[in-house]
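Peer 1: Sequence:
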Amino acid sequence: LAVYRWHASFICSGNTMPIVLVDWSDIREQKRLMVLRASVALHGRSVTLYEKAFPLSEQCSKKAHDQFLADLASILPSNTTPLIVSDAGFKVPWYKSVEKLGWYWLSRVRGKVQYADLGAENWKPISNLHDMSSSHSKTLGYKRLTKSNPISCQILLYKSRSKGRKNQRSTRTHCHHPSPKIYSASAKEPWILATNLPVEIRTPKQLVNIYSKRMQIEETFRDLKSPAYGLGLRHSRTSSSERFDIMLLIALMLQLTCWLAGVHAQKQGWDKHFQANTVRNRNVLSTVRLGMEVLRHSGYTITREDSLVAATLLTQNLFTHGYVLG
Numbered sequence: 001l002a003v004y005r006w007h008a009s010f011i012c013s014g015n016t017m018p019i020v021l022v023d024w025s026d027i028r029e030q031k032r033l034m035v036l037r038a039s040v041a042l043h044g045r046s047v048t049l050y051e052k053a054f055p056l057s058e059q060c061s062k063k064a065h066d067q068f069l070a071d072l073a074s075i076l077p078s079n080t081t082p083l084i085v086s087d088a089g090f091k092v093p094w095y096k097s098v099e100k101l102g103w104y105w106l107s108r109v110r111g112k113v114q115y116a117d118l119g120a121e122n123w124k125p126i127s128n129l130h131d132m133s134s135s136h137s138k139t140l141g142y143k144r145l146t147k148s149n150p151i152s153c154q155i156l157l158y159k160s161r162s163k164g165r166k167n168q169r170s171t172r173t174h175c176h177h178p179s180p181k182i183y184s185a186s187a188k189e190p191w192i193l194a195t196n197l198p199v200e201i202r203t204p205k206q207l208v209n210i211y212s213k214r215m216q217i218e219e220t221f222r223d224l225k226s227p228a229y230g231l232g233l234r235h236s237r238t239s240s241s242e243r244f245d246i247m248l249l250i251a252l253m254l255q256l257t258c259w260l261a262g263v264h265a266q267k268q269g270w271d272k273h274f275q276a277n278t279v280r281n282r283n284v285l286s287t288v289r290l291g292m293e294v295l296r297h298s299g300y301t302i303t304r305e306d307s308l309v310a311a312t313l314l315t316q317n318l319f320t321h322g323y324v325l326g
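When the count follows our numbering, it moves up by one through the sequence shown with no breaks and lands on 326 for the last residue.
Hints are computed from structural coordinates only; laboratory data are not their basis.
Glycine residues also receive a C-beta, built at the ideal position from the N, C-alpha and C atoms.
A portion of the hints provided could be inaccurate.
Computed beta-carbon distance windows for the label pairs [claimed, not checked]:
id : residue 1 : residue 2 : range
1  : V3        : E58       : 15 to 25 Å
2  : E121      : T16       : 20 to 30 Å
3  : V279      : M215      : 13 to 23 Å
List time: in silico BS3-like cross-link candidates among lysine-lysine, alpha-carbon distance up to 27 Å [unchecked claim]:
id : residue 1 : residue 2
4  : K124      : K205
5  : K143      : K124
6  : K138      : K63
Generate coordinates for the entire structure from the input sequences, incorporating the hints supplied.
Peer 2: Written out as structure tokens, the structure is:
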């Protein structure tokens, strides 16, 4: 964990309350190995903080979650109190484990979960709140969540406007994967968010904006797994979670190198050399992909001093976009 400890001190430098996104992902075909990752929110992409491989049998287990949180606590600087952002797959035992560390959590709530007023037994399905949601985020104040294992937390409601997206999966093939329907139902459903963050620290709108950063971790999973757009770890044949942990650490160092190269390339205007269009008002390539392309081509030189300047810019961006109180 020494390397992760150094890495955490670098990307959390000056940020005593980082937005830490946490999620599971299958790292190999047929979900033979699962990875639990924590990353710090940035702009468009998140930067991996710590990740660990687990066998499929331990996915979403309390044992895996507690081990992961203990490791995360050991690598973070002692003055750091993160806000852990997770999706609806993380339940009350996870929230309570986060609270035991003195940290804050923000999570989406879905499914058959029930809620009740504080000090009352008027339990109702969380889905009853869907009709109360609108495009204006609002808080319901403090409630109790889950009847079997209650926890007190703040409940927030928000329903985004439809983005008009269509499923582009081919209908001519026999690939009728169920995931588009699952993702579509999740996207259409209003957000019911729960958090132990005090009401006076962040407004409902600010908390919704923080949760919306959660999708950034999916992009970094693609950077890791995809053979076409990333490092191609999906093709790894190892079945050992311990061996895969070593590969994840090597991949982390490589991705950090790509981040620094990409930040320097954007500063120098090299990103225009790799665009397939003439767009000038926004970044077309991600910083990581740009860094990867620059490192692949021998015509670009990056000195040690350039890397140090890029590291400073990266930490400044992490503070700007990944600070809870920012």
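Peer 1: Each hint needs a verdict: does it hold in this structure or not?
Peer 2: Hints, one by one, checked against the model:
Checking the proposed 15 to 25 Å range against V3 and E58 shows it holds: the Cβ atoms sit about 23 Å from each other. The beta-carbon spacing between E121 and T16, approximately 39 Å, falls outside the hinted interval of 20 to 30 Å. Distance hint check: the CB atoms of V279 and M215 are about 22 Å apart, consistent with the given range 13 to 23 Å. Taking the CA atoms of K124 and K205, the gap is about 25 Å. The hint holds against a cut of 27 Å.
Note on K143 and K124: the hinted pairing holds, with a Cα-Cα distance of about 11 Å set against a maximum of 27 Å. For the proposed pair K138 and K63, the alpha carbon gap of about 35 Å is over 27 Å, so the pair is violated.
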